[in-house]
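Taken in sequence, the protein lines are chains Y and L. Heads up: the first sequence at position 42 corresponds to 42 in my numbering, and the numbers run straight through without jumps. Heads up: the second sequence at position 65 corresponds to 65 in my numbering, and the numbers run straight through without jumps.
Hints are supplied without guarantee of correctness; some may be wrong.
[What the hints assert, rightly or not] Pair by pair, the computed Cβ-Cβ distance ranges are:
id, chain 1, residue 1, chain 2, residue 2, range
1, Y, 111, L, 103, 27 to 33 Å
2, L, 62, Y, 185, 45 to 51 Å
3, L, 60, Y, 120, 47 to 53 Å
4, L, 107, Y, 101, 17 to 23 Å
5, Y, 34, L, 103, 48 to 54 Å
6, Y, 48, L, 59, 40 to 46 Å
7, Y, 37, L, 109, 47 to 53 Å
8, L, 67, Y, 160, 21 to 27 Å
9, Y, 183, L, 45, 34 to 40 Å
10, Y, 116, L, 59, 44 to 50 Å
11, L, 60, Y, 64, 57 to 63 Å
12, L, 60, Y, 159, 26 to 32 Å
13, Y, 141, L, 65, 27 to 33 Å
[Claimed, not checked] Once the Cα atoms are required to be at most 35 Å apart in a straight line, the calculated DSBU-like pairs of lysine-lysine come out as:
id, chain 1, residue 1, chain 2, residue 2
14, L, 32, Y, 105
15, Y, 80, Y, 117
16, Y, 95, Y, 45
17, Y, 105, Y, 95
18, L, 54, L, 76
19, Y, 95, Y, 176
20, L, 76, Y, 176
21, L, 32, Y, 176
22, Y, 80, L, 76
23, Y, 117, Y, 95
24, Y, 105, Y, 176
25, Y, 176, L, 54
26, Y, 80, Y, 105
27, Y, 117, Y, 176
28, Y, 80, Y, 95
It is worth saying that the hints were derived from the structure and are not from the lab. No residue lacks a Cβ here, since even glycine has one placed at the ideal position from N, Cα and C.
If you want the building blocks of each chain, they are given just below.
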Amino acid sequence: MNLLARTARTLLIGLSLTGVYACNGAAKHTATIRPSYDHATGRLKELAYDSNGNGRVDTWTEMDGSRPLRSSVDINEDGKIDRWEEYDENGGLAKVGFSRTNNGKPDAWVFSGADGKVRRIEISSTGDSNRIDRWEYYDAAQSGPDGRGALVRAEEDTTHDGRPDKWETYEHGILKTVAFDENGNGRPTRRLIYSSSARVVIESDPDASGRLADHVDVR
Amino acid sequence: MRRFLSIVLVTVMTMAAPLGARTSQQDSIALKGRAFTTSLQAFADARVQIRDLKTGLLVNSTTTNPTGEFSFENLKPGDYIVELADGSGNVLGMSAPFTLGAARIASVSVVAVAPGAVTTGAGAGFSLFGLGPVSSVAVLGAAGAAAVTAVVATRQDASPSR
C-alpha cells in the first residue's frame, strides 16, 4: 500500500475514533478507545478500549491496520486477562481462550461455527495450547448453558501421550457412556453405560481381543 | 499386568499374615481423594460414590468437605472407579479405573466434566460471556473504522457473569 493510501486510512480511522469520542461524550463514556500507531508505517497497531467507561482500559486489540489480530480482555478488571480472542484473516472470530482457574493464562479454547455457536472446546490441563488433552464437541441445535449448545461427546488424553484414552458421550447434557483405554492401544477396554441413575452396564475386554465382550448389568 | 502384580502382592501379604489378621488387613484399604469442578476449584458438598467394576455395584458413597476432600474406609482389593454424582444420581465426572491391592492407603482425584457440574460446585465453571456476539471487535476488521461504534455498543452490553 502506498503512503497516500496509508495516510488516508489512518486519517479515516482517526476521524472515526474522534467521532466515537464525540458521540459518546454526551453519554457517560469518554476516551473510550485509545489507538496506537506504528511510528514508522503509520499503521494502526493497537486499540485499547475501556468497555464499561469506568476510566480503566480492559480490552486490548492488536491490529494490523484495520484488521484485528487478537484481543485480550480483563473482564472483571482484576489485573489478569481472562479472555483471549483470536481472529482469522477476514476479521472473523477464530477462537476464544479462557482461563478456567482465572490465573491469567488461557487453558481452554472455544471454537464456534459460522452461526457463532460453540462447536468445540479444547482444554489443556497444563495450560499449554500445544498440548491439548481434552476435546469437547457441542451440538448447536441443542440448547446448553452460555450459548454453548449441548455437549454431545468428549475425548480425553489422561496419560498425556498425545492419544485419547477416554471417551464420553452425552444425551441432553447428561453423561451416558464413558469408555477407557487401560492398556494404551488406542481402543477402549472398558465402557460404562449409564442408562438411568440406578442402572449401569459395564462392558470390558479382559483378553484384549478388541471386543467388549464381558458385561455386567446392574439395576 | 498391573492388576496381576496387585493380585500377587495381595496374595503374598495374605499368606504371610496370621489367619486372624487376614480379614482385617484385606478390608482395611482406605481411599482418600479430592474432587474438582470443571474450573479445577475444590468441589465442596459433592456426592462421591465408589463403584466396583467387577460387580458394577456401588460400594459406598460420601460427600466432599469444603475443600473437596473425601475418603472411603474398609475397601477390599479390586478394580474400582470413583464417580461424582448430582442429587439425581447423574454422573458428573469420574476417575480413571484403578486397582486397589496391597497398599493400605490409596489416593485418587476426580474432576467434574459434565455440564451440570458447572453450576453445581462453589465457584465452579467458566463463563463464555456469550461467545457469539462478543466477536464485536471482528466487526472492525470487516467494516473498517466506522465500525468502532459497534465495538462500543456490544461491549456495553456484555455483562461479566464471573
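Hint-by-hint comparison with the structure:
1. Distance hint for residue 111(Y) and residue 103(L): a CB-CB separation of about 42 Å, inconsistent with the stated range 27 to 33 Å.
2. Between residue 62(L) and residue 185(Y) the beta carbon distance is about 34 Å. The supplied range of 45 to 51 Å is therefore violated.
3. Under the hint 47 to 53 Å, the C-beta atoms of residue 60(L) and residue 120(Y), about 37 Å apart, miss the expected range.
4. Between residue 107(L) and residue 101(Y), the C-beta spacing of about 21 Å keeps the proposed range 17 to 23 Å intact.
5. Against the hinted window of 48 to 54 Å, the Cβ-Cβ separation of residue 34(Y) and residue 103(L) comes to about 60 Å, which falls outside the hint.
6. Between residue 48(Y) and residue 59(L) the CB atoms are about 57 Å apart, so this pair departs from the stated range of 40 to 46 Å.
7. Checked against the given bound of 47 to 53 Å, the beta carbons of residue 37(Y) and residue 109(L), roughly 50 Å apart, stay inside it.
8. Between residue 67(L) and residue 160(Y) the Cβ separation comes to about 26 Å, which falls inside the hinted range of 21 to 27 Å.
9. Evaluation of the 34 to 40 Å hint for residue 183(Y) and residue 45(L) yields a pass: the beta carbon distance comes to about 36 Å.
10. At about 45 Å, the beta-carbon gap between residue 116(Y) and residue 59(L) stays in the expected band of 44 to 50 Å.
11. Distance hint for residue 60(L) and residue 64(Y): a CB-CB separation of about 59 Å, consistent with the stated range 57 to 63 Å.
12. A hinted range of 26 to 32 Å holds for the C-beta pair residue 60(L) and residue 159(Y), which are about 27 Å apart.
13. Between residue 141(Y) and residue 65(L) the C-beta distance comes to about 40 Å, which lies outside the given range of 27 to 33 Å.
14. Distance hint between residue 32(L) and residue 105(Y) is fulfilled; the C-alpha atoms sit about 30 Å from each other, no more than 35 Å.
15. Straight-line distance between C-alpha atoms of residue 80(Y) and residue 117(Y) comes to about 26 Å, which keeps the hinted pair within the 35 Å bound.
16. Annotation: proposed proximity of residue 95(Y) to residue 45(Y) holds, straight-line Cα distance about 20 Å (limit 35 Å).
17. This hinted pair checks out: residue 105(Y) and residue 95(Y) have alpha carbons roughly 15 Å apart, not beyond 35 Å.
18. A threshold of 35 Å between alpha carbons decides the hint, and for residue 54(L) with residue 76(L) the separation of about 12 Å falls inside it, so the pair holds.
19. A hinted pair counts as satisfied when its Cα atoms are at most 35 Å apart, and residue 95(Y) with residue 176(Y) qualifies at roughly 28 Å.
20. Taken as a hint, the residue 76(L) and residue 176(Y) pair is honoured in the structure, with Cα atoms around 28 Å apart against an allowance of 35 Å.
21. Taking the CA atoms of residue 32(L) and residue 176(Y), the gap is about 26 Å. The hint holds against a cut of 35 Å.
22. Proposed proximity of residue 80(Y) and residue 76(L) is contradicted: the alpha carbons are some 47 Å apart, above 35 Å.
23. Proposed proximity of residue 117(Y) and residue 95(Y) is supported: the alpha carbons are some 11 Å apart, at most 35 Å.
24. Under the criterion of a C-alpha separation no larger than 35 Å, the hint pairing residue 105(Y) with residue 176(Y) is consistent with the structure, at around 32 Å.
25. Annotation: proposed proximity of residue 176(Y) to residue 54(L) holds, straight-line Cα distance about 19 Å (limit 35 Å).
26. This hinted pair checks out: residue 80(Y) and residue 105(Y) have alpha carbons roughly 8 Å apart, not beyond 35 Å.
27. For the given pair, residue 117(Y) sits about 23 Å from residue 176(Y) by alpha-carbon distance, which is consistent with the 35 Å threshold.
28. Restraint check for residue 80(Y) and residue 95(Y): the C-alpha separation of about 19 Å stays at or below 35 Å, so the hint holds.
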